[in-house]
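Peer 1: From first to last, the protein sequence lines are chains G, U, Y and R. For the first sequence, the working numbering assigns the number 288 to the last residue and increments by one with no breaks. For the second sequence, the working numbering assigns the number 1288 to the last residue and increments by one with no breaks. For the third sequence, the working numbering assigns the number 2288 to the last residue and increments by one with no breaks. For the fourth sequence, the working numbering assigns the number 3288 to the last residue and increments by one with no breaks.
Read the hints as simulated data drawn from the structure, not as lab findings. From a predicted model like this one, the values you see are computed outputs, not experimental measurements. All residues carry an ideal CB built from backbone N, CA and C; glycine is no exception. Possibly wrong hints are sitting among the right ones.
Computed list of lysine to any residue pairs in SDA-like fashion (alpha-carbon distance at most 20 Å, straight line) [unchecked claim]:
1. G:123 / R:3120
2. R:3034 / R:3051
3. R:3123 / R:3245
4. G:189 / G:138
5. G:275 / U:1005
6. Y:2189 / G:191
7. G:191 / R:3114
8. R:3123 / G:34
9. G:191 / G:207
10. Y:2110 / U:1140
11. G:275 / U:1189
12. U:1110 / Y:2271
13. U:1034 / R:3034
14. U:1275 / G:123
15. G:275 / U:1214
16. G:109 / G:268
17. Y:2123 / Y:2074
18. G:110 / G:268
19. Y:2275 / R:3222
20. R:3034 / U:1278
21. G:110 / G:92
22. U:1123 / Y:2074
23. G:191 / R:3112
24. Y:2275 / R:3112
25. G:34 / Y:2271
26. U:1189 / R:3112
27. R:3110 / Y:2074
28. R:3110 / R:3088
29. Y:2056 / Y:2271
Chain Y regions said to be covered by chain U (calculated; three or more residues, Cβ under 8 Å) [claimed, not checked]:
30. 2040 to 2049
31. 2132 to 2142
Computed list of chain G residues with no C-beta within reach of chain R, every gap over 12 Å [what the hints assert, rightly or not]:
32. 34
33. 67
34. 161
35. 207
36. 262
37. 275
Number of protein chains: 4
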Amino acid sequence: MTDQTQPTTPLLAGKTLLITGALDEQSIAWHVAKTAHHWGARIILTNTALAARMGKVRQLAEQLNAPFIPADLTRDEDVHNLLQQAMEHARGPLNGILHSVAMSMNIRKKREYPQIDYNFYQKTLEISAISLHRLLQHAWQLDALAEGAAVLTLTYIAAQRVFPKYNDMADAKALLESIVRNFGYWYGKRKQVRILAINQSPTWTTAGSSVPGFREFFTIAERLSPLGNASAQDCANLCVLLFSDLAAKLTMQTIHHDGGFTAMGISPDLLELLKPELFSETHNPSSA
Amino acid sequence: MTDQTQPTTPLLAGKTLLITGALDEQSIAWHVAKTAHHWGARIILTNTALAARMGKVRQLAEQLNAPFIPADLTRDEDVHNLLQQAMEHARGPLNGILHSVAMSMNIRKKREYPQIDYNFYQKTLEISAISLHRLLQHAWQLDALAEGAAVLTLTYIAAQRVFPKYNDMADAKALLESIVRNFGYWYGKRKQVRILAINQSPTWTTAGSSVPGFREFFTIAERLSPLGNASAQDCANLCVLLFSDLAAKLTMQTIHHDGGFTAMGISPDLLELLKPELFSETHNPSSA
Amino acid sequence: MTDQTQPTTPLLAGKTLLITGALDEQSIAWHVAKTAHHWGARIILTNTALAARMGKVRQLAEQLNAPFIPADLTRDEDVHNLLQQAMEHARGPLNGILHSVAMSMNIRKKREYPQIDYNFYQKTLEISAISLHRLLQHAWQLDALAEGAAVLTLTYIAAQRVFPKYNDMADAKALLESIVRNFGYWYGKRKQVRILAINQSPTWTTAGSSVPGFREFFTIAERLSPLGNASAQDCANLCVLLFSDLAAKLTMQTIHHDGGFTAMGISPDLLELLKPELFSETHNPSSA
Amino acid sequence: MTDQTQPTTPLLAGKTLLITGALDEQSIAWHVAKTAHHWGARIILTNTALAARMGKVRQLAEQLNAPFIPADLTRDEDVHNLLQQAMEHARGPLNGILHSVAMSMNIRKKREYPQIDYNFYQKTLEISAISLHRLLQHAWQLDALAEGAAVLTLTYIAAQRVFPKYNDMADAKALLESIVRNFGYWYGKRKQVRILAINQSPTWTTAGSSVPGFREFFTIAERLSPLGNASAQDCANLCVLLFSDLAAKLTMQTIHHDGGFTAMGISPDLLELLKPELFSETHNPSSA
């Protein structure tokens, strides 16, 4: 009975969380790890060996007194090993996972959606979506998630509407949200585990800012969202809430964490941003 | 068995349709009436007595050899009488209704959403949404809809996302779409009647163009929709399809008839329209 | 910067919340008031004078050391007075409101959806949906909501799909969710206020359990939701999260708090519950 | 101007359509080919060489005087060759494509969603979703779609809600619907081409009926849909409408063609089907 929980106990006290995808101070996962730790969680970090060399995840591990376990989430043996080691550190099953992994070579190589490379496309899906299934399937086999654990993943509204520059990542996010729903059913039945996707505002991370046109995109989203864009720190705060036991009945959905962006159509705020010459015609369009 | 239908028989041959809301050549309902007639339907027209005096619906009635029955769809006795007379003209139950009625005094009087007049608000809901329920409830009592009939109503995406200038009409359209779903269940079970809402592009009608900022709104929607805005004639064409027996299993949903607008997030097309000074900052937003 | 928040400070410390709709120990609002108080919030209670006489809200007020202010949320002067008094108690603007009010005379009088009474219908909308607009509009005028305040309301998935027994309340909830979105835009822009609807599992309250067939409905939802139904206490826990500053960028949406019910189609769990004779036919349906 | 179209001209006169996936008389694609032909279209058929040997598509080709071009839609060279040959037959670009291809080895081999084989999974995505992208990408390169052409694909509501037995096909359909949206943008801008997904009722085809539990599933959907399930012939009729020029502004969405199933929550119809012992408890669930 939650009424009995001491409100002065840190919200995530006693929980061990596995955090994927932290690279440097700009990463959402970096903020989630630090913030969850601040709210009482024990953290375990993972990323690829290459990312660990190029970024600063080992420094973060030191700061948070967290084990770092290298793993490539597209490889079965890596995932299996990661979860086994994590369970040893946790001395039992995990209370939560943050899945924060995405990459598109088609975007990097500027191959637009009608002219993608299908090997790149397969990699986009493998890294950005199927990796969540792989984590969950190995955790299923190893019984690596504790009763009531929460699994969170980061998505984008491009899973549901078209942002052409987001390219094949849109497809990956749609697939990811489907995995959230479908595995959410099985894990909910089995162990009351909750799986949620967070539709996060465009966020100024090392990965995000490499997308062509990201600055324009970030700026316009900031203007169109009634509350402005949600930052990486805002996202970390939300993750604390969703990892907590107070969210025990939330599952199998996408939470829109975007200052209201997704709920907006066209606002006067947008019209103000437009070039005035657009509206200089004096004819009645219906006469065209 | 539809396979046996002669493909040279006009699609709506043998059907009698009741069309509400035709005022003048700009009305969507005007186009629907003319186009459905062209495809073989017999038409019955209705509007308020006032609208009939101010507009040209009686001329249209003459053109189409259609009876005109004046009625205020917010009054039970008018609706009852309308349906009874329509059934007499049709010599039996109707094969379809177009509901195309909407009005907001809050918009006309420029009372913004946080400062609306609640009497106006009630009228907005009565005219723009509850009138559909009233039509359907009286038709239920009179058994005025034939087996497999189709009832179509016009909505706007503001029912699902925020367009602040659309004001309390957004609430009316959300209510309208709920009535479509709920009455769709009852009529589907009873007589295989189908009820559908059409989310139509902004359309240059007498009513639409009186909304403040409509021109800007129309222009930007035209630019953002991959196929451009759907016109009143396009809408009439779609209505022919939806009234036809070939759509016999479509019901209880909103069809987005908007050239793709609703499925769009932010596109490069939008960014091109923006004032360049918006993006002149050179600082990294994350450092803010 | 949330990182600086002491994790041992109760999550709602320093906040004053106005809670509508608490009647007795079964009310969701009762649980929200108690739980928010437990997490550090100061509570102000309101309900109609009649409800106060029939229920136990004054006892709750005593327990929580909370002022009780009687008000009928369908009357402008009551709402205005309620907010003014609440601000006096709070010595300033409020940090949150729970809107938890709904009533349908059509359901009580067993008038099914195709045969409703339109006076009852108008009351359903007034009490169950427009009351939220009224609260927000008066608060707008009085500037009664603090920067970053949260307004929560309870909805049901019948706003989006058809549950025939839910009758005209389905329409009221669709209208309510539209008000959440639309007012969410205006308040977000003005004061970073967040407005959210919670799609709550069927809950065994005094109001809920009076709906005909509620027991069957509750039982089947419990079986179909992978996590089981969310209880009134679960809902109160979620409200604590949503009222907290950690949710500062969540707004203008419906959060599905239902153990996964809304994300489900047909599951094997459902098929198990069905009468076996349903599936005894041996013919191939396609040959029919 | 559609008003000028002769209503006695068959709706698809002058159009050449490429139909994938016809196997035998039970296939939806079979019905689409026959019905579109009936409404005046010229048909080109394709399927794999294996399917052509096992099924009767060559007979259909004869009946409809249609060329049959064997192709495996997961192989670039096959798709390229298919489109080139089709354009030769059509003496120009095509006016429409029906994509009706899906297969899951995980379902066939009874590997449930938490224990799938990832090679099978990749094949599921390739055949059931990416094949649409491949068709569209090669058509883009060859300019194989005429101005205003329509591309239709078959999906299922499992793309949006969980039907556990549908397994990894749910993920494939979510991916497919994303491809519809995203390619819809590019083709809409380029050539006014429309791309639509049809969420079709469970249909008694050779493929469908092989899914374990399909009979139960079909039966329950039939009972829960207010209009009953849409049949393969119903689907063919809808395709005629969507291929026609009267639907020129419909794009980038999923049309629910399911007799109302998707819009339903829990109905009294469902409760009637349940075992009575489910509701025999006499205790108040809230006291548990």
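Peer 1: What are the numbers of the hints that this structure violates, sorted from low to high?
Peer 2: As far as the earlier hints go, 3, 5, 6, 8, 9, 11, 12, 13, 14, 16, 18, 20, 21, 24, 25, 26, 27, 28, 29, 30, 34 are violated by this structure, in ascending order.
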